[in-house]
Amino acid sequence: MIAAADRKLALWNIGVAYVAFLIGTLAGLLQVFIRNDKLVLPAWLDYYQILTAHGVLLALIFTTFFIFAFFITGMSKSLGAFGPKVLLWNWIGFVVMLAGTVLATVMIVSGKASVLYTFYAPLMASGWYYVGLALFVVGSWIMSFALVGHYMKWRKANPGELSPLFAFMTVSTIILWIIACLGVVATVLFQYIPWAFGWVDTINVELSRSLFWYFGHPLVYFWLLPAYMAWYVVVPKIIGVPVFSDALARLAFILFILFSIPVGFHHQLMEPGISNFWKFFQVVLTFMVIIPSLMTAFSMFANFERAGRKNGGKGLFGWFTKLPWKDVRFTSLFIAMAFFIPGGAGGIINASFQLNEIVHNTLWIVGHFHITVGTPVAMTFMGLTFWIIPYLTGRKFSKTMQKLAFIQIGTWTVGMILMSTAQHILGLLGAPRRTAFSNYNNHPSALEWFDGILTNHVTMAVGGSILFLSAMLLLYIVIMSAFISPKAVEAHEFVEFPLAESDKQATPKIFEDWKVWIGIAFALILVAYAVPIIQMIQDAPPGSKGFITW
Amino acid sequence: MHLHKYEKIWMTFGIAALVVFLSIVGVSAFSHEQHTPAGGIETIDPEKVKETAPFNEPGVKQLDEDTYQATIVAMAFAYEAPELKVPVGKEVIFKLTSTDVVHSFTIDNTNVNMMVVPGQVTTKSYTFKEPGKYLILCNEYCGTGHHYMFAEIEVTEE
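Protein chains in written order, with the UniProt record's numbering: chain B, 1 to 550; chain A, 1 to 158.
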């Protein structure tokens, strides 16, 4: 068990994450019923308000707080207990992040910020909404720097030695996060806040969109990399093998830092203000993340095969049946990975320049992120939740809990398959995303969308309802593990943090020379962004004043 | 650093596939002008859209024998474009801008899917293959009435 003070810190982060999860999934449930015209909201509540809450609370708040809980626990376990300074700054960061979250949530709930999770200008929310978001980011930076401080102390105490894999991956993810946030911080501080408080009259819309997406794409890797960390260091331990290759694991994370940032234009392929050359250039860079993704896929299956053969699996695929399927910590993460196969393939389609016009802003995209962040990431976090809360509280994770956990991930899988398949097909047919119920004056082609076996008004609602039940079951497990399950007494009753051995002898030292990688990352960002951003500023049209159209 | 033999094969195959994908996308986009997505780098004063050509006269205009231009102004929550009627099999150049927030101009069952950004002019060229009445809708959130923002374009036989 890690130090009590560190456990408390991690548990508070998990607590906030799951409060956000509760409100966010409830908003999701309401959405599927509004979209199939079975639910009409009271006048004081609006579909787009709920949609904003769903996106912000799940994609930003739940993920970020959970990620920090995972980092705190793993950093304390692999590098030792936090010193008083690291603890203090982590708490300060936590409080600032929480204050920002509360401020932004209050603005959303009171209807002053129905601008959606992407908050595109010139839709203008209350200035306090943007202040809330800024505080959230600043808080996350404070926590990040506190964790980096803990890591630096370890590096100083162990000169010339590569850090443990968990710490290396945490620091990589933090570097990615800090570089990514520069874009959203720039647009929020220098564009949105002065404009929303009326200090300036207008905003450069195209610039704000580009700065947002400079942040928006690496943001998805900020969710994904902690899931990858679990796949790289937690899964091997559960199935009983060492990390397949320490060097390749580190290299994959470095490549993610390099190639997940200078690629934001692939979210803006359908819009004016960016020339085709720069759009296509960033499409090419986007595709480079396929390389570390394939490396990761190879490592995962290499682990599975080695573990299965160790357990007596024979023949070409016999090892597959010898994996510990009855261990929910493994099965949950395996399902998460399996979902990422179609999820990743869909991502390649979306980023394919002109192919994007078939799917851009359709329900396909909604289906896509529900089988990327909504399952591979979220279900990995669920799989971590099952053991990390009992690990931190010293409570037991009983057989009954394990059964409930299986029902929980099973229902999430079924609900998500139904909902995301319907969304993918509806999107291909043309049904738009981010819309309340509308049949477009009974236009025949709009009615056609919802005429299929999988693409009708019922499938998405059934899927969404199953997902909500699954979410409530998860919250039950969370509450039990946090407050109610009996305390572990005997040694074997304590839940462990599964952290695999990683042989770093053959790993090149340069992999942990951050100056080099941060330098290359900024060089790539300059190449991909400098010219188009300068053009957006120099050739800017007169700016837009704010609009409140909700 | 050691690379397993199978991993070498796997990565070589993967990277080769990547190169093939990108080449197909790139060649098919840039070898025909029509296959690049909506875009353009023309700008406009968002406060003066209605005084600025061509948006002072929205609608369909024939440019030459085989080319038409459809000029449309998007606003919350409608498209200003009197009588959208174009012939089948002719190139139609859509030109859009917005007087307020960001919208889209998306024609169902076609590749026309344009983001409309205030201050910018979005252009997309498209040739309809089938006559009929096509649904146009806004697929970028623009406010309370977003899901009521739609129109229709009629594609006529020659």
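Keep in mind the hints are simulated off the structure, nothing from the lab. Fair warning: there could be bad hints in the mix.
[As the list claims (entries may be wrong)] Okay, derived cross-link-like pairs now, BS3-like style, lysine-lysine, Cα gap no bigger than 30 Å in a straight line:
id, chain 1, residue 1, chain 2, residue 2
1, B, K314, A, K48
2, B, K326, B, K399
3, B, K504, A, K90
4, A, K133, A, K90
5, A, K85, B, K322
6, B, K515, A, K8
7, B, K310, A, K5
8, A, K90, B, K310
9, B, K314, B, K77
10, A, K133, B, K504
11, A, K48, B, K545
12, B, K545, A, K95
13, A, K90, B, K322
14, B, K509, A, K90
15, A, K8, B, K237
16, A, K8, B, K314
17, B, K112, A, K5
Status of the hints after comparison with the structure:
1. B:K314 <-> A:K48: This hinted pair is violated, its Cα atoms lying about 74 Å apart.
2. B:K326 <-> B:K399: It holds: about 11 Å lies between the C-alpha atoms, which stays within 30 Å.
3. B:K504 <-> A:K90: Violated: K504 (chain B) and K90 (chain A) sit about 64 Å apart, past 30 Å.
4. A:K133 <-> A:K90: Within the cut-off at roughly 16 Å; holds.
5. A:K85 <-> B:K322: Answer violated: K85 (chain A) to K322 (chain B) is near 64 Å, above 30 Å.
6. B:K515 <-> A:K8: Answer holds: K515 (chain B) to K8 (chain A) is near 29 Å, not above 30 Å.
7. B:K310 <-> A:K5: Status holds; Cα separation ~21 Å.
8. A:K90 <-> B:K310: Cα-Cα ~66 Å, so violated.
9. B:K314 <-> B:K77: This hinted pair is violated, its Cα atoms lying about 36 Å apart.
10. A:K133 <-> B:K504: 64 Å, violated
11. A:K48 <-> B:K545: Holds - the C-alpha atoms of K545 (chain B) and K48 (chain A) are around 13 Å apart, at most 30 Å.
12. B:K545 <-> A:K95: Answer holds: K545 (chain B) to K95 (chain A) is near 23 Å, not above 30 Å.
13. A:K90 <-> B:K322: Violated, at roughly 61 Å.
14. B:K509 <-> A:K90: Judged against 30 Å, a Cα distance of about 61 Å means the pair is violated.
15. A:K8 <-> B:K237: Cα-Cα ~25 Å, so holds.
16. A:K8 <-> B:K314: Judged against 30 Å, a Cα distance of about 24 Å means the pair holds.
17. B:K112 <-> A:K5: 58 Å, violated
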